[in-house]
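Undergrad: What follows is each chain in one-letter form.
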Amino acid sequence: MLGPFGEAPMRRTAGTLWVTVLLGLVLSGCGAVSHEAALLGNYVPESGSRIEVGTITNATGQVPKVDDEVVNIEQLLSDALAQKLRGEDLLWAGDPSRKLVLITKIVEYEPGDAFKRWLLPGWGSTVVSVECELRAANQLVGTVRARRTVSFGGVYTIGAWRTIFASVADDVVSELQSKIRK
Amino acid sequence: MLRVNHCMVARSVSVLAVVVLLAGCVTAWQDSGSFYRSAQTALAVESTPVGARVFLSNRYLGDTPLSTALDCEQEMRKKTRKVSYWDTQPGLSLFLSLTSLGLYVPFSLIPVDTETSQEPSGAFKNNEFTLRVEADGHQVWSTTVVCGPQPAVSLRAVLEKL
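Protein chains in written order, with our numbering: chain A, 463 to 644; chain B, 5 to 166.
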């Protein structure tokens, strides 16, 4: 039965939309994102400042494992940060007067499980949380905090234990970019 | 028309009740270790006479009046608890409940997601500094400065003549 404004096609369209959104969520995966940055005192980074990826430490108190193999999360984050900084032309390349050092602590990390996430959203979440300090001439001048989770999804969230570092690095670098004038 | 409105209200109330009920599905907080975060205390030093030399842990800082920042490390305690997906992603939970025609609701009762909290334990490390103020013809003035609990410390050193 077709209503005065074509209800049947509208319902079909709405149904298709729901299925598309649901499929999109299941395939792409999703979770929570939070990040913030603050410069301390009246510090204003010098124009053209660049950032060196400093020490990265695992402060989770655990040795993370995926498939019984130890994951070097410090290296994963270091590589991801360097790649993102390079991509934004923020990676320090040698001028000592314009160097800021980013010292990072990984305070939370859960590799998660894509199968569990597929079974029940929230179960088997992949989580990473980092606390970064920005230092100029060894003086603390700013902080960045970021947390990412992948808590829902299916096939495409396999490997989130690794890719989540690129996502959190993206968050950290976007916060830094907003604070540093080019 | 009135019946449709009643149905909608009843449905909304049911969904709200389910959400409120499910939001209560949590486990107790559990300690999950600690880490140290940098903390800063602003230090301002003045002296009589003006222009005295200031040393912090035997490192020359400058002449009075001066201000600087002291860095130390503050212990943060981490706590985690298991919560239902309604607590961490209420919008998505509602969406899943609707799209699964309610099938998801009983499963969403299970507290499987993790909620994390951080709070300062009140402990600090590397937070004591010896401050020394010197001026020619005057006795050395020194004190211990503690960084951390307070955001700013102001000191006035009155140096006695030799």
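Just so you know, the hints here were simulated from the structure itself, not pulled from any lab data. Note that the Cβ used here is the ideal one computed from N, Cα and C, for glycine as well. Accuracy of the hints is not assured; some may be wrong.
[Said to hold, decoys possible] Listed next, the stretches of chain B that the computed footprint assigns to chain A, with coverage defined by at least 3 CB atoms under 8 angstroms from CB atoms of chain A:
| # | segment |
| --- | --- |
| 1 | 83–94 |
| 2 | 109–123 |
| 3 | 144–154 |
[Said to hold, decoys possible] Quick list of in silico lysine to aspartate or glutamate cross-link-like pairs, DMTMM-like style, CA-CA up to 20 angstroms:
| # | chain 1 | residue 1 | chain 2 | residue 2 |
| --- | --- | --- | --- | --- |
| 4 | A | Lys578 | B | Asp91 |
| 5 | B | Lys129 | A | Glu514 |
| 6 | B | Lys82 | A | Glu595 |
Undergrad: Hint by hint, say whether it matches the structure.
TA: Hint-by-hint comparison with the structure:
1. 83–94: Answer holds; 4 residues pass the 8 angstroms Cβ test.
2. 109–123: holds (count 8)
3. 144–154: violated (count 0)
4. A/Lys578 with B/Asp91: holds (18 angstroms)
5. B/Lys129 with A/Glu514: Since the Cα atoms of B/Lys129 and A/Glu514 sit roughly 26 angstroms apart, the hinted pair is violated (cutoff 20 angstroms).
6. B/Lys82 with A/Glu595: holds (19 angstroms)
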